[in-house]
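**Student:** What follows is each chain in one-letter form.
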Amino acid sequence: MTASALEFYVPGASWLHRLDPRVKLFAALLAGVVTFFWVNLPLLALALVLVHVVLLAAGYPGERLATAWRTISLLLILIVIVWPLFDHTGDVILRLGPVEITDNGLLRGVANALRIAAINFLFVLWIGTTDARDLIRGFVRLGLPFRWGMALTIALRFIPTYAGTWATITDAQQARGLVLEGWWMKRARQMLPILVAALVSALRTSEQLAMTLESRGFGATRTRTVLRDIEMRAVDWIVLITAVALAALLIWQTLFRGLGQALFALYA
Amino acid sequence: MSAARIEVDHVSFAYPVAGQPDHLALNDVSLRILPGELVAIAGRNGSGKSTLARHLNGLLKPDSGTVTVDGVDTRNESVGRMAARIGYVFQNPDHQLFLPTVRKEIEWGPSRLGLAGTALDNRVDDALERFALVGVAERHPASLGRGLRRLTALAAVMAMDPGALVLDEPTGGLDLRLTTTLMTILQSLAAEGHSIILITHEMRLVAEYAERLIVLSHGRIVADGQPGDLFEDHELMKSASLAAPVAARIAQGLEPYGVPRGITTSDGVVAAVADLLARER
Numbered sequence: 001m002t003a004s005a006l007e008f009y010v011p012g013a014s015w016l017h018r019l020d021p022r023v024k025l026f027a028a029l030l031a032g033v034v035t036f037f038w039v040n041l042p043l044l045a046l047a048l049v050l051v052h053v054v055l056l057a058a059g060y061p062g063e064r065l066a067t068a069w070r071t072i073s074l075l076l077i078l079i080v081i082v083w084p085l086f087d088h089t090g091d092v093i094l095r096l097g098p099v100e101i102t103d104n105g106l107l108r109g110v111a112n113a114l115r116i117a118a119i120n121f122l123f124v125l126w127i128g129t130t131d132a133r134d135l136i137r138g139f140v141r142l143g144l145p146f147r148w149g150m151a152l153t154i155a156l157r158f159i160p161t162y163a164g165t166w167a168t169i170t171d172a173q174q175a176r177g178l179v180l181e182g183w184w185m186k187r188a189r190q191m192l193p194i195l196v197a198a199l200v201s202a203l204r205t206s207e208q209l210a211m212t213l214e215s216r217g218f219g220a221t222r223t224r225t226v227l228r229d230i231e232m233r234a235v236d237w238i239v240l241i242t243a244v245a246l247a248a249l250l251i252w253q254t255l256f257r258g259l260g261q262a263l264f265a266l267y268a
Numbered sequence: 001m002s003a004a005r006i007e008v009d010h011v012s013f014a015y016p017v018a019g020q021p022d023h024l025a026l027n028d029v030s031l032r033i034l035p036g037e038l039v040a041i042a043g044r045n046g047s048g049k050s051t052l053a054r055h056l057n058g059l060l061k062p063d064s065g066t067v068t069v070d071g072v073d074t075r076n077e078s079v080g081r082m083a084a085r086i087g088y089v090f091q092n093p094d095h096q097l098f099l100p101t102v103r104k105e106i107e108w109g110p111s112r113l114g115l116a117g118t119a120l121d122n123r124v125d126d127a128l129e130r131f132a133l134v135g136v137a138e139r140h141p142a143s144l145g146r147g148l149r150r151l152t153a154l155a156a157v158m159a160m161d162p163g164a165l166v167l168d169e170p171t172g173g174l175d176l177r178l179t180t181t182l183m184t185i186l187q188s189l190a191a192e193g194h195s196i197i198l199i200t201h202e203m204r205l206v207a208e209y210a211e212r213l214i215v216l217s218h219g220r221i222v223a224d225g226q227p228g229d230l231f232e233d234h235e236l237m238k239s240a241s242l243a244a245p246v247a248a249r250i251a252q253g254l255e256p257y258g259v260p261r262g263i264t265t266s267d268g269v270v271a272a273v274a275d276l277l278a279r280e281r
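Chains as they are written, first to last, in this note's numbering: chain L, 1 to 268; chain P, 1 to 281.
Any given hint might turn out to be false.
Unchecked claim - Pairs of lysine to aspartate or glutamate, EDC-like flavour, derived with a Cα cap of 20 Å:
hint	chain 1	residue 1	chain 2	residue 2
1	P	K61	P	E129
2	P	K61	L	D171
3	P	K104	P	E77
4	P	K104	P	D161
5	P	K104	P	E129
6	L	K186	P	E77
7	P	K61	L	E181
8	P	K238	P	E202
9	P	K104	P	E138
To be verified - According to the in silico footprint, chain L covers these stretches of chain P (three or more CB under 8 Å from chain L):
hint	stretch
10	79 to 86
11	102 to 116
What the hints assert, rightly or not - Counterexamples of contact, computed for chain L against chain P with all Cβ distances above 10 Å:
hint	residue
12	G32
13	H52
14	V53
15	G59
16	L75
17	I116
18	R133
19	I169
20	D171
21	M232
22	T242
23	L266
Quick caveat, the hints were computed from the structure, so don't treat them as lab data. We put the beta carbon where it would ideally sit given N, CA and C, even for glycine.
Build out the structure end to end from the sequences listed, making use of the hints.
**Tutor:** Given below as structure tokens:
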């Protein structure tokens with residue numbers, strides 16, 4: 001995996017890009033909460049499709065979405081496989097020695113995978129269309145101390161860098177004799193050299209970064225001015241109010257009327 | 001003709017990039033490296049030298065063609081197991097170290113190969129001695145300077161006693177003294193029959209220590225020969241963004257006065273000039 005594959009943000013000037021980052025965050029969070037309570041397959045699939053439609057309509061490249069799918073595919077497959085091992089509701093459809101797989105268990109596994117996928121892409125919706133500076137400015141305007149905002153910016157900025165370092169270290173350790181093979185429990189233990197070297201690397205990077213920040217004047221002035229600020233426009237308020245109203249309606253229907261609580265029927 | 005240690009046979013390779021037509025990072029590359037050779041691979045950034053190096057121990061597998069080390073095809077063996085045949089020292093030593101002492105770091109590789117007891121202790125002691133690490137054997141690698149960390153990584157890789165060794169920009173960030181130490185060790189390893197492959201931009205190093213220079217450009221080998229000969233090919237050097245070392249250029253300039261061809265080192269130039277002057281007297 002290349003480092004750039006993990007950089008979610010794609011610059012653009014669509015309505016979604018221009019939407020206030022705070023509004024985007026709330027809308028994505030609310031949508032995440034709603035999806036979290038659902039196990040209904042058609043609803044979850046619809047949510048997933050909807051997120052994709054919105055992202056594509058905002059000019060988010062389909063290639064990046066495909067990359068995101070590839071990245072989470074292993075996790076999703078794992079959920080579908082592992083869930084039925086613990087969920088034995090419904091009729092048995094498969095028996096492998098002591099292991100029983102039920103139809104309900106399997107479908108719930110799929111539902112959970114869909115839910116994780118939907119929440120993942122809601123995250124892409126927010127972070128993929130928001131410039132890091134606006135993102136942090138949004139948090140700071142919501143009351144986050146500037147220093148914490150800065151830490152958050154750095155954390156986000158370094159995710160792809162660390163992913164690249166991890167890949168390099170994996171190569172480097174194999175080149176000195178680390179054998180990575182066998183089933184995953186064995187592999188997990190084999191990862192130790194990579195983990196230690198990655199930690200040391202990260203510590204060195206952070207130490208250097210701290211010096212770089214200070215030498216560039218971080219924390220030199222008490223009163224901060226802002227080059228790029230964000231303001232709520234009328235359209236931001238409209239989207240926010242609509243999102244809150246819609247979420248309230250859906251949460252009410254979900255919690256008190258049983259929306260999305262059955263696997264196939266809309267209402268339980 | 002003696003048996004090649006590394007055999008690269010018509011290798012082509014393209015990095016898979018989504019949505020882009022395949023750009024060949026290696027285009028039909030063939031070469032043989034013999035035991036005891038000290039070879040430098042040079043070329044501008046993006047010429048394919050790192051891609052080639054990563055093929056030698058199987059970190060990358062060819063799209064077409066084959067790479068064999070000691071007769072073993074890299075496609076049939078995991079990188080971790082290839083390490084017993086061909087070592088690879090990365091640019092950043094921190095990426096290859098992970099244990100609390102230099103001694104443990106060196107022990108790790110050979111113990112993977114099944115060495116234990118006195119045999120293992122001897123192997124480690126030899127490596128500590130050879131790579132001048134005896135004084136820091138019990139230190140934490142992270143507490144050492146960059147040069148010593150690089151020597152530790154090299155010692156850890158060589159402790160598995162591979163027949164071949166690849167080093168990616170081994171002297172970056174090292175001062176002259178450590179560079180000399182490192183290169184002298186590499187020379188003695190080559191003299192014992194190890195094949196040493198250096199990826200480097202530093203033509204002075206190539207002039208002083210390498211007996212063979214391979215120049216890559218756009219994924220192809222454009223030259224493969226003695227450094228002294230290649231330094232005289234100005235077109236080649238220019239097209240590969242390489243600068244012949246000052247000593248080689250001075251020697252070329254002094255050719256009309258009787259300085260022999262193929263001199264590439266400052267010691268060589270000084271000796272040749274002294275010789276000429278002495279003869280006149």
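**Student:** If a hint holds in the structure, say so; if it doesn't, say that too.
**Tutor:** Hint check results:
| no. | hint | in the structure |
| --- | --- | --- |
| 1 | P:K61 / P:E129 | violated (35 Å) |
| 2 | P:K61 / L:D171 | holds (13 Å) |
| 3 | P:K104 / P:E77 | violated (26 Å) |
| 4 | P:K104 / P:D161 | holds (16 Å) |
| 5 | P:K104 / P:E129 | holds (15 Å) |
| 6 | L:K186 / P:E77 | holds (19 Å) |
| 7 | P:K61 / L:E181 | holds (17 Å) |
| 8 | P:K238 / P:E202 | holds (15 Å) |
| 9 | P:K104 / P:E138 | holds (8 Å) |
| 10 | 79 to 86 | holds (count 5) |
| 11 | 102 to 116 | holds (count 4) |
| 12 | G32 | holds (28 Å) |
| 13 | H52 | holds (18 Å) |
| 14 | V53 | holds (21 Å) |
| 15 | G59 | holds (16 Å) |
| 16 | L75 | holds (20 Å) |
| 17 | I116 | holds (23 Å) |
| 18 | R133 | holds (28 Å) |
| 19 | I169 | violated (5 Å) |
| 20 | D171 | violated (5 Å) |
| 21 | M232 | holds (37 Å) |
| 22 | T242 | holds (35 Å) |
| 23 | L266 | holds (38 Å) |
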